[in-house]
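Engineer: Each chain is listed here by its residues.
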Amino acid sequence: MPETLLFSLFSGIAIVASALVIGQRNPMYSIMLLITSFGALSALYIQLDAPFVAMAQIIVYAGAIMVLFLFVVMLLNAPQEDGAEWDRAHPLRRPGVSRLGALLAGLLIVQLVWALMRATDASTAVNASGDVAAISSVRSVGRVLFTNYVFAFEATSILILVAMVGAVVLAARESGR
Amino acid sequence: MIPLGHYLIVSAILFAIGTAGVFLRKNLITILLSIEIMLNAVNLTFVAFGRAQGNVDGQIITFFVMTVAAAEAAVGLAIVIGLFRHRESLNPDAFTSLKW
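In order, the protein sequence lines correspond to chains A and B. Be aware that the first sequence starts at 1, since it is given in this note's numbering, and climbs by one per residue. Be aware that the second sequence starts at 1, since it is given in this note's numbering, and climbs by one per residue.
The hints are simulated quantities; they were obtained by calculation from the structure and are not laboratory data. You may find that some hints are simply not true.
[As the list claims (entries may be wrong)] Sample of chain B residues facing chain A (criterion: CB under 7 Å; computed from the structure):
1) I37
2) A70
3) A74
Just so it is clear, the structure is predicted and the values come from calculations on it, not from any experiment. Glycine included, C-beta positions come from ideal geometry on N, C-alpha and C.
Chain A extracted, bound-state conformation (with noise of 0.2 Å):
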């Protein structure tokens, strides 16, 4: 089955490259996986009749707010974390701890897996219901959110505007000293 096999790999690229994320020291390499992941989370919305939000995933995240991250990293030139010693003291930076913190993690997708495979409804088909030629065109998309939800719409300009001025702001030197 293609469907299956596609599905399986890109959603573990996915996971994989994302685990990675977390797992590097230098955050170039973590956003470059990021980017990566993607990648593989905007097939598996392409699987999912959401061709246009496959495309935004690209855009907006891969070309637009990880470059940003880029940016700050380079701006910054931070590259590793420091283990000052005083970190190392710190009670929650006990090797046991950290530990402790990973486990429960791990008992977090155990726990969200089995709930998930004892719903009933989760075993059906995920494209079984619904004309895939009306969800899948951007025409449907752009009509339910120009009138059903336009007014979020024009609220979240206000969100970008008020994101813009506020990032400038706080970024900009103080110019009095």
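Please build the complex by placing chain B on the supplied structure of chain A, with the hints as guidance.
Structural biologist: Showing chain B alone in chain A's frame:
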């Protein structure tokens, strides 16, 4: 045909990886990247549920999540730059005082 549950399991694993990153890492930029992983896991859930329901609402919520993620990344990175300028460090444990 791939069941809905498989997409939800992938999303749950990605979300758990993001949570672990926020708790385990001590680099502000890596923590922000982990938050992006979590937001993407939620996006995958929205699109999968929307596809299972047979409507486009899941995709539209995904656009709003992307917008919020962009705003969050811009403001968060501006704060990181401001903090780094004061302390020359990206370790969240270095920022313990409210005023300097």
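Engineer: With reference to the structure, classify each hint as holding or not holding.
Structural biologist: Comparing the hints with the structure gives:
1. I37: Holds. Min distance 5 Å.
2. A70: holds (6 Å)
3. A74: holds (4 Å)
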